[in-house]
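Visitor: Using the sequences and the accompanying hints, generate a full structural model.
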Amino acid sequence: GNSVTQMEGPVTLSEEAFLTINCTYTATGYPSLFWYVQYPGEGLQLLLKATKADDKGSNKGFEATYRKETTSFHLEKGSVQVSDSAVYFCALRGQGGSEKLVFGKGMKLTVNP
Amino acid sequence: DTAVSQTPKYLVTQMGNDKSIKCEQNLGHDTMYWYKQDSKKFLKIMFSYNNKELIINETVPNRFSPKSPDKAHLNLHINSLELGDSAVYFCASSMTQNIQYFGAGTRLSVL
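Protein chains in written order, with the working numbering: chain X, 1 to 113; chain D, 1001 to 1111.
Chain X regions said to be covered by chain D (calculated; three or more residues, Cβ under 8 angstroms): (1) 43-57; (2) 104-110.
Residues on chain X that point at chain D, a partial pick, calculated with CB under 10 angstroms: (3) Ser32; (4) Phe34; (5) Tyr36; (6) Gln38; (7) Val87; (8) Phe89; (9) Ala91; (10) Arg93; (11) Lys100; (12) Leu101.
Bear in mind the hints are in silico, worked out from the structure with no lab data behind them.
Using N, Cα and C, we set each Cβ at its ideal position, and we do this for glycine too.
Guide: Structure below.
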């Protein structure tokens, strides 16, 4: 079945540091890929997405590129802020009409001033 | 104005009790979901309804029974609560094949 493997934290960075969160997936065909973010005490929010190979999703300074050849969708941000402290989830939705989102285990990021 | 709202936000109860969590969405979506997030933040889908019909039913004990009275509501009833049911339960909604929007979660603690 479909699965998502992502870096597990927790990770602590200083403000303005570079962030990479690795995410790889296993799926047949061409799934859609997502990054969701969960701020403390809140539900998940979509951060960015990509629906086909080589697409780049971007939002709030975060970027991720859908790499079919390496089955990866790594999340990057050049300069993190304290307000980026949250749990980040990589997820996929399989090709072919499935509504089911499969999530990675989530990675908690803390950014210190 | 809340797009996906769940009640209650916190639920503390004794083992063996029966409880319900309600979810409502005002986005006009046709699909709704229940997810369970465990203490390690792992998130897994439990159920999904499309136009009031069950379309996803993961391996969940039959003590859990979702009910969708209409497209805007998906409630979760849990019978005979067990310690292992303690978790955060998230409701979500979407239009078919589109982005899922999540509620703020219900933290269930079974004592």
